[in-house]
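Engineer: From first to last, the protein sequence lines stand for chains A and B.
Residues 1 to 233 in our numbering are what the first sequence spells out, letter by letter.
Residues 1001 to 1241 in our numbering are what the second sequence spells out, letter by letter.
Calculated directly from the structure, the hints in this document are not laboratory data.
Misleading hints may appear alongside valid ones.
Claimed, not checked - Covered stretches of chain A (in silico footprint by chain B; criterion: 3 or more residues with CB under 8 Å from a CB of chain B, positions within the stretch not fixed):
#, region
1, 76 to 83
2, 182 to 194
Unchecked claim - Derived list of chain B stretches under chain A, where covered just means 3 residues or more per stretch with a C-beta under 8 Å from a C-beta of chain A:
#, region
3, 1051 to 1065
4, 1113 to 1119
5, 1148 to 1160
6, 1205 to 1215
Computed from a prediction, not measured in an experiment: that's the story for all the values here.
All residues carry an ideal CB built from backbone N, CA and C; glycine is no exception.
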Amino acid sequence: MTFIHAFQFIGDNVGLLWDKSLEHMALSVVAVAIAAAIALPIGLWLGHLHRGSFLAVNVANIGRALPSLAVLSIGIAFLGVGKANVVLALIVLAVPPIITNAYVAVDGVESDTVEAARGMGMKPIQLFWKVELPQAIPLTFAGLRTAAVYVVATATLAGFFGGGGLGDIIANQASYGLDGVVGAAIVVTLLALGTDALLAGGQHLITPRGLRGETELRGAAEYQATRVAPETA
Amino acid sequence: MIGPVLADSGPVIPNFGRADTCLRENHTFCWSWVKAHWSDTLGPALVQHIVLTLIAIGIGFAISTACALYAHRRGWFERPFSVFSGVLYTIPSLALFQLLVPISGFSTLTVEIALVSYTLLILFRNTLTGLRSVPEETREAARGMGLSDSQILWKVELPLAVPAVIAGLRVAVVTVISLGTVAAFIVDKGLGSPIFHALQSNFTTELIAAGALAVALALAADGLLLLAQRLITPWSRYRRA
Chain A
1 MTFIHAFQFI GDNVGLLWDK SLEHMALSVV AVAIAAAIAL PIGLWLGHLH RGSFLAVNVA
61 NIGRALPSLA VLSIGIAFLG VGKANVVLAL IVLAVPPIIT NAYVAVDGVE SDTVEAARGM
121 GMKPIQLFWK VELPQAIPLT FAGLRTAAVY VVATATLAGF FGGGGLGDII ANQASYGLDG
181 VVGAAIVVTL LALGTDALLA GGQHLITPRG LRGETELRGA AEYQATRVAP ETA
Chain B
1001 MIGPVLADSG PVIPNFGRAD TCLRENHTFC WSWVKAHWSD TLGPALVQHI VLTLIAIGIG
1061 FAISTACALY AHRRGWFERP FSVFSGVLYT IPSLALFQLL VPISGFSTLT VEIALVSYTL
1121 LILFRNTLTG LRSVPEETRE AARGMGLSDS QILWKVELPL AVPAVIAGLR VAVVTVISLG
1181 TVAAFIVDKG LGSPIFHALQ SNFTTELIAA GALAVALALA ADGLLLLAQR LITPWSRYRR
1241 A
C-alpha cells in the first residue's frame, strides 16, 4: 500500500520533486566536474609516466574505504553545515575512482603499441594525445561513471547536512511522511539508474570503435581497479 | 523554582557526563568525551557495526559464490545476474533502505537485505573473473592428470581464483562498512547511530569520533584481508619476482 501512496505523493508533488531533483543534480554535476578537473590530469599524466602507481592505487584504496557518511560528517564538523561544504566532501569521494581508472587506463596501454608509435618518431606529447589517450578512453570514462553514480547516490545524504536535494525529503519524514520518503527514494533511484545509463551510452559513443565491447559491462571498471590493488599495494 | 526554569530553557542538552572545560566551551573535538563514552556509546556501536558487516558479507558471499559457480558452468547466467546485481549496486543506499521499509519495516532485516544486495555485483564479478582467468593449459594439465571436473574446480580453479575473490571481498567489506553507517537511519545500530545522534544535537566531538572510527574500521578490515590474501596465496607474491 505504501508504494501506491508513494506514487500518489510523486504525482501530487511533481513540482517539488522536480526542484529537488534539479538541486540534487546540480550538486552532483558540480562535484563531479571539479573532481574530474583535479583527478583526470593527475591520473592520466602519472599513467603516461608509468610513475606513482603506489600513489594512484593507494589513493583509490583509501578513498574507497572512506565511508561517505563519515567523510560528510567529519567535513561538516570542521567546516559547518552548507552546500559548499557538502560539495567539498563529495569531491573528496569522487576523486579516487577517477584518478585510479585514468592511471590504470594509460599505464595499461600495450607497450608494443607505444613502442611502435615511438618508432614512428612520435614525441612524448604526441604519443600521449594520439595513442595513449584514445586507448585509455573506455576505462577512464568508466571511472568517471563510477564516480558520478557514487556522487548522485551520496548526494542523497546531503539532506542531513543542509546540502539540499532529494535527501531533504528523505531526511524529513516528520514533514513528508513515509509515503513522501519512499516517493523521494524512488525518484533518487531513478536518477542514479538514469545517470548510469546515460554515462554508459556516453562511454559507448566516446569509445573508439575498435575497442568497443571490452569494458562496457557494469562492474568491469570496479574489477579492473581492484585487480591492480593486491599486486601493487 | 529551579526545576521548571531548567525545563523551559531551550533544547535539551545531551548529558556529556563529567563536563570539563573543553566540553563547556564547546570545542570542535574533546578527547575526554571519547574516553568517557567509549564503553557506553562508541564501543557498543563499533561491535554492532562489525556484526552487521559480518552477517551481510557472509550471506552475500554465499549467494554470489553460488551464482558465480553456476555462471562458470552455464555461461548464459552471467549477463542477467550482472545486470540484476548492477541495478541493485546503483540504487543509492539511503533510497534502498527506505524502499525496503514498506516491505520489511524498520528492522535489522531491512538493513541486511540492502547491505547484502550491495555485495553481490562485486563478489560475483570477481569470483567469476578469477575462475575464468585460470589458464587453459593449467586446466588441460589437470585433466591430463586424470582429475574430474569437480576435482579441477576444487583443487585447481578455486585456489587459483583466491586472489581475485579476496580482492572482491576487500571492496565488498569496505562498501558494507561504509553503507552500514547509513543503516542507522533505519535501525538504531552501528556507528551511524552516534553520527545521527550527533547531527541532531550538533555535537561535533561525537560526529568526528564516530566518523573516524568508521574510517578506521574500514581501513583495518581492508588491511586484514590483504594480509589474509598474502598468507593464503604465498605463490602470488613470487610471480612478479
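Engineer: Examine the region 1205 to 1215 of chain B: at least three residues should have C-beta closer than 8 Å to a C-beta of chain A.
Structural biologist: Coverage by chain A holds for the region 1205 to 1215 of chain B (7 residues, Cβ < 8 Å).
Engineer: At a Cβ distance under 8 Å, does chain A reach at least three residues of the region 1148 to 1160 of chain B?
Structural biologist: Not satisfied, violated; 0 residues make the cut.
Engineer: Count the residues of the region 1051 to 1065 of chain B whose Cβ falls closer than 8 Å to any Cβ of chain A, and tell me whether that reaches three.
Structural biologist: Contact hint for the region 1051 to 1065 of chain B vs chain A: violated, 0 residues under 8 Å.
Engineer: Three residues or more, CB to CB closer than 8 Å: is that satisfied between the region 1113 to 1119 of chain B and chain A?
Structural biologist: That given contact is violated, which follows from only 0 residues of the region 1113 to 1119 of chain B lying within Cβ reach (below 8 Å) of chain A.
Engineer: Taking 8 Å as the Cβ threshold, is the statement that the region 182 to 194 of chain A is covered by chain B upheld or broken by the three-residue rule?
Structural biologist: holds (count 8)
Engineer: Taking beta carbons only, do three or more residues of the region 76 to 83 of chain A come closer than 8 Å to chain B?
Structural biologist: holds (count 3)
Comparing the model with each earlier hint shows violations of hints 3, 4, 5; every other hint is respected.
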